[in-house]
Amino acid sequence: MVVSTGGAPVGAGEDGAPGPVPPEPGGGTRRQVIRALRAGVLAAGLAPALAAFRFPRPGPPPTHHAPDGTAFDLSHRGHRIRGVRTAAPGAADEGRWHVTVDGRPLHLMRRADGSWLSMVDHYCSYPTPLAAARAAVDALAPGDRLRDEEAPAHHGTGRRHEHRGGRHGVRA
Amino acid sequence: MAYVRKDAATLTATEKRRFVNAVLEVKRRGEYDEFVRTHLAYYSSDGERGLRTAHMAPSFLPWHRRFLLDLENALRRVDSSVTLPYWDWTRDRTSRSAPWTDDLMGGNGRSSDHRVTTGPFAHAAGNWPLTVGVTDAEYLTRDLGRRRAPIDLPAKSDLEWALKDPAYDTAPWDSTVTRGFRNKLEGWGTGRGSASWRNHNRVHRWVGGVMLSAASVNDPVFWLHHAFVDLLWSRWQRRHGGARYLPASPPGSGDAQRGRVVARHETLPPWDVTPAELEDVSGIYRYA
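Chains as they are written, first to last, in numbering that gives the first Met the number 0: chain A, 0 to 171; chain B, 0 to 287.
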């Protein structure tokens with residue numbers, strides 16, 4: 000047995016041990032995508048969908064789905080769920096979504112069967128990003144809210160320094 | 000001399016007190032939150048790129064085995080008499096049975112906000128603030144059995160379905176495989192709804208609250224649950240004549256899983272250890 004009795008299991012990548020390869024579907028992090036969106040670098044095909052969802056409305060929103068399935072905006076159990084597919088047309092991975100609950104980012108991960116799981120409900124997956132977001136709202140404790148953060152990024156990178164920076168949808 | 004991990008339902012009052020105190024001390028030292036971060040960092044999903052080690056992968060079992068040993072070592076630096084107890088969720092199946100007692104894990108979250116208000120990890124006691132999490136709540140939350148739409152813990156038949164499979168795992172070594180002990184125990188099912196949450200995954204869901212989230216390690220019952228999962232690996236090995244971890248060698252060139260799973264003799268990040276080296280831990284601990 001070579002199991003050591005060392006300290007807390009941190010520091011992969013600091014000691015030269017191979018860490019997980021950063022999963023970056025589509026060739027960029029979600030953070031880069033959001034940054035690009037904020038900078039106004041909108042792919043032409045996205046602009047109409049985003050325009051429809053840009054402005055917060057007072058009161059509960061009507062259930063609203065973009066006709067081409069690239070966005071949704073609805074109220075579920077008193078929480079506002081919004082989602083926009085952010086992959087540029089022609090991108091290798093068209094499945095990148097930016098989903099928020101009450102304006103705060105809900106990180107989604109993709110399973111090999113194409114289904115989705117969220118940071119709140121992490122041990123089950125759902126057929127669509129909207130279904131995963133509804134399930135996350137269902138699993139959220141009454142009165143609790145997603146962690147607020149400026150810019151979301153994929154949390155599964157194994158880059159510890161980023162975790163300590165608290166930029167993965169995680170209070171760190 | 001190997002130490003013994005015991006069924007949480009059989010611990011003496013002194014054993015429970017010493018275990019709880021060691022967990023609280025590891026938390027107080029700031030070591031505990033590193034475990035929460037590590038599990039978050041290594042939970043990679045199989046629909047995305049990169050190496051998977053902790054979940055949706057054959058190394059689910061050795062990864063958590065080593066993760067538990069690290070926590071257990073941290074506890075034993077505080078109190079060398081302490082070992083990880085396990086929660087046998089095939090026997091202790093209600094929100095009032097072990098380990099949900101005031102002298103161990105504390106009870107269910109209250110209905111208004113799912114906040115745990117009893118036991119040593121209740122927020123009001125001041126010893127268990129959640130500092131790493133996916134929501135704003137700084138208190139431990141649980142929703143045992145999911146009150147709004149009740150579900151049961153895995154049945155013995157669910158476990159038997161996993162344990163009787165003679166293959167450790169099968170290609171493509173991910174969450175979509177329908178054969179092999181590893182995924183049947185980890186519990187990624189096909190299909191929708193309740194039937195798709197099996198065994199390990201279903202227990203996370205049954206506990207609810209932070210145990211269902213990516214920061215599940217925040218609930219100390221994480222360790223009791225995974226100690227039982229770890230016991231089940233040993234039980235499966237015995238039943239199948241010492242059957243080995245698979246894959247024995249890395250997927251070949253051209254295989255979509257190449258570089259995405261850890262083979263028997265490859266290093267298992269974040270540690271300098273291989274699954275093969277974690278298959279037999281009888282020199283370290285055994286289960287009572």
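If you are wondering where the hints come from, they were derived from the structure by calculation, not from laboratory data. Bear in mind that the values here come from a model prediction, so they are computed numbers and not experimental data. Don't be surprised by glycine CBs; every beta carbon is placed ideally from N, CA and C. Hints should not be assumed to be uniformly reliable.
Partial list, computed: chain A residues near chain B (C-beta under 7 Å) [claimed, not checked]:
1. Ala-65
2. Gly-68
3. Leu-73
4. Gly-77
5. Val-119
So the derived list for chain B, only partly shown, Cβ under 7 Å to chain A, looks like this [said to hold, decoys possible]:
6. Val-3
7. Asp-6
8. Thr-9
9. Thr-11
10. Thr-13
11. Arg-17
12. Pro-119
13. Thr-134
14. Ala-136
15. Thr-140
16. Asp-157
17. Glu-159
18. Trp-160
19. Ala-170
20. Thr-177
21. Leu-211
Against the structure, the hints:
1. Because the smallest distance between the Cβ of Ala-65 (chain A) and any Cβ of chain B comes to about 23 Å, over 7 Å, the interface hint for this residue is violated.
2. Violation of the interface hint for Gly-68 (chain A) is found here, the shortest Cβ-Cβ separation to chain B being roughly 18 Å, above the 7 Å cut-off.
3. Hint status for Leu-73 (chain A): violated, given a least beta-carbon distance of 20 Å to chain B, over 7 Å.
4. The closest approach between the C-beta of Gly-77 (chain A) and any C-beta of chain B is roughly 14 Å, which is over the 7 Å cut-off, so the hint fails.
5. Among the interface hints, the one on Val-119 (chain A) holds; its C-beta lies about 5 Å from the nearest C-beta in chain B, closer than the 7 Å criterion.
6. Given the 7 Å rule on beta carbons, the hint for Val-3 (chain B) is violated: about 17 Å separates it from the nearest Cβ of chain A.
7. Here the hint on Asp-6 (chain B) is broken, as its CB sits about 23 Å from the closest CB of chain A, past 7 Å.
8. Given the 7 Å rule on beta carbons, the hint for Thr-9 (chain B) is violated: about 26 Å separates it from the nearest Cβ of chain A.
9. This hint is violated: Thr-11 (chain B) has a C-beta 26 Å from the nearest C-beta of chain A, more than the 7 Å allowed.
10. With its C-beta approaching chain A no nearer than about 24 Å, Thr-13 (chain B) sits outside the 7 Å limit, and its interface hint is violated.
11. At a threshold of 7 Å, the smallest CB-CB gap from Arg-17 (chain B) to chain A is about 19 Å, leaving the interface hint violated.
12. A cut of 7 Å between beta carbons decides the hint on Pro-119 (chain B): the least distance to chain A is about 20 Å, and the hint is violated.
13. For Thr-134 (chain B), the interface hint holds, the least distance from its beta-carbon to any beta-carbon of chain A being 5 Å, beneath 7 Å.
14. Given the 7 Å rule on beta carbons, the hint for Ala-136 (chain B) holds: about 5 Å separates it from the nearest Cβ of chain A.
15. This hint holds: Thr-140 (chain B) has a C-beta 5 Å from the nearest C-beta of chain A, less than the 7 Å allowed.
16. Against a cut-off of 7 Å between C-beta atoms, the interface hint on Asp-157 (chain B) is violated, since the closest Cβ of chain A lies about 15 Å away.
17. Residue-level restraint check for Glu-159 (chain B) is violated (minimum Cβ-Cβ distance to chain A is 21 Å; threshold 7 Å).
18. Against a cut-off of 7 Å between C-beta atoms, the interface hint on Trp-160 (chain B) is violated, since the closest Cβ of chain A lies about 18 Å away.
19. The closest approach between the C-beta of Ala-170 (chain B) and any C-beta of chain A is roughly 12 Å, which is over the 7 Å cut-off, so the hint fails.
20. For Thr-177 (chain B), the shortest C-beta to C-beta distance to chain A is roughly 11 Å, which exceeds 7 Å, and the interface hint is violated.
21. Look at Leu-211 (chain B): its Cβ gets to within about 5 Å of chain A, closer than 7 Å, so that hint holds up.
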